[in-house]
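Going down the list, the protein sequences come from chains Y and U.
Under the numbering used here, the first residue of the first sequence is numbered 1, with each subsequent residue one higher.
Under the numbering used here, the first residue of the second sequence is numbered 1001, with each subsequent residue one higher.
To be clear, the hints were calculated from the coordinates, so they are not data collected in a lab.
This one's a predicted model, so the numbers in the text were calculated from it and none came from an experiment.
Keep in mind that a hint or two might mislead.
[What the hints assert, rightly or not] With a straight-line Cα cutoff of 27 Å, these simulated DSS-like cross-link-like pairs (lysine-lysine) come out:
#1 Y:K20 to Y:K53
#2 U:K1254 to Y:K23
#3 Y:K23 to U:K1192
#4 U:K1278 to U:K1218
#5 Y:K20 to U:K1119
#6 Y:K23 to Y:K93
#7 U:K1121 to Y:K53
#8 U:K1121 to U:K1105
#9 U:K1254 to Y:K20
#10 U:K1274 to Y:K53
#11 Y:K76 to Y:K3
#12 U:K1253 to U:K1212
#13 Y:K93 to Y:K3
#14 Y:K23 to U:K1218
#15 Y:K93 to Y:K58
#16 U:K1105 to Y:K93
#17 Y:K20 to U:K1192
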Amino acid sequence: MKKLTDYPIYNFNTNFFLAKEAKDDLVLVPVIDDIYFMSNVIHLNQTATELLKELDGKKTLTEVCELILSRYDVEKDVVEKDIIQFIEQALEKNILEEIN
Amino acid sequence: MDIFLATQKFSFIKCDQIEFYLDVSKFFTEQIIDYNTHFHCCYNITGIITLPKAVPDFLGHSLDDAQIPYEWKIYKINDNLFIHIDFFENETIKEVLAVLNFSEKTILVELLPRSLTTKIKIDPFFHPLGSLLMVYLSHYSSGFLIHASGVSDNGNGYVFSGVSGKGKSTISQLWKQQGATVLNDDRLWIQKVDNEWKIFNTPMAYYSQEPKMATISKIFLITHSPENYVNNISGTTGALRVMSNCIQHLFDKKITDSHLDTLLEISEQIPIYKLGFKPTFEVVDFVRDI
């Protein structure tokens, strides 16, 4: 099982997505060469939206985890698991870019 | 000659070598709602089509079984949207270049005929130019085209949306036989007019329909099912499910942004449901009771 410290710092990959806020959710439209792929739109729920907004290219995942823990009454293990699950899925969909 | 589509009016001029005869647009010469946009359209014959010196922003082609195969390309340059159509087996027209300028409200169409001496008889919204123009005309008016059948029943407008094979024609027939008016069973133009969401039918090949509109009460995403059932999927999920049935060739950030805004707005104001239905009259009362 991976830990938060195994991951680098990430930023939202704005080059390949148009982000649209919808209430508490976020809709991401993939864009390649100025073509908007409406049939491959990604819908992020409130939790995923909050996580993505915190991935600003500066905070480590540990810092993001601490931020979430300061906002909600949840177990650290649960937040860590949620973050790792989100990161893995987001990487698969090219939503994140790694900051070296 | 004028043609009316949704809230738009189109006036035409043409060169002598072109003769307009109304086929798909036959019944669209009367307005059914006040127009808020007036386009001036000019159709000409040319000996050569000069394409923009740019890479196309979008391209597509006819279905594999099309009688008259074609390819189309879209170029967006400043305020001009260029639509180029290349016909492979059309007996009279070889190529078409249309330039839509939404700021100026103009549509200029150049036709390259197979023979410069032959008179060209066309409907101004001939296929696929009409369909491609309507995709962008609806978007520029903060509306959209969708694969859907539309029904008007005692003041209620119902949209039954689904891609091919999901039952649009089947459910339309059931409503028609129960006395409702079917606007169209395949494609609709949806647009907000005076705070109401309206559905309009549009000129379509193989349809001979008078223009109709209705105010939308509910939107259903349909699928065949052994039993009738309905699930509410309003909100962002509903908006995205509706979007997946829209006819959209988007390449421009502004227009994509606006399209999403429109879909999110309609999903907040009109209930959206997933409807599984079996093809019997029971589904009509089932929907009326929701």
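query = Are the Cα atoms of K20 of chain Y and K1192 of chain U separated by 27 Å or less?
reply = holds (21 Å)
ask   = Is the straight-line distance between the alpha-carbon of K1278 of chain U and that of K1218 of chain U 27 Å or less?
value = Distance of about 19 Å is within 27 Å: holds.
message = Does K93 of chain Y sit within 27 Å of K23 of chain Y, going by the straight-line distance between their CA atoms?
response = holds (22 Å)
task = Starting from K20 of chain Y, check that the Cα of K1119 of chain U is at most 27 Å away, please.
result = Violated, at about 50 Å.
query = Taking only the CA atoms, is the gap from K93 of chain Y to K58 of chain Y under or equal to 27 Å?
reply = holds (21 Å)
inquiry  = Need the status of pair K1121 of chain U, K53 of chain Y: alpha-carbon distance at most 27 Å?
reply    = The given pair, whose Cα atoms are some 57 Å apart, is violated under the 27 Å limit.
key: Restraint status (C-alpha distance of K1274 of chain U to K53 of chain Y at most 27 Å)   = violated (31 Å)
ask   = Given the proposed pairing of K1254 of chain U with K20 of chain Y, does the C-alpha separation stay at or below 27 Å?
value = holds (12 Å)
query = Taken at face value, is the distance from the CA of K93 of chain Y to the CA of K1105 of chain U at most 27 Å?
reply = Judged against 27 Å, a Cα distance of about 40 Å means the pair is violated.
query = Between K1121 of chain U and K1105 of chain U, does the CA-CA distance stay at or below 27 Å?
reply = Between K1121 of chain U and K1105 of chain U the Cα gap is close to 24 Å, so the pair holds against 27 Å.
request  = Below or equal to 27 Å on CA atoms is what counts here, so check K20 of chain Y against K53 of chain Y.
outcome  = Between K20 of chain Y and K53 of chain Y the Cα gap is close to 12 Å, so the pair holds against 27 Å.
key: 27 Å limit on alpha-carbon distance, applied to hinted pair K76 of chain Y and K3 of chain Y   = Between K76 of chain Y and K3 of chain Y the Cα gap is close to 12 Å, so the pair holds against 27 Å.
Against the hints set out earlier in the document, violations occur for numbers 5, 7, 10, 12, 16.
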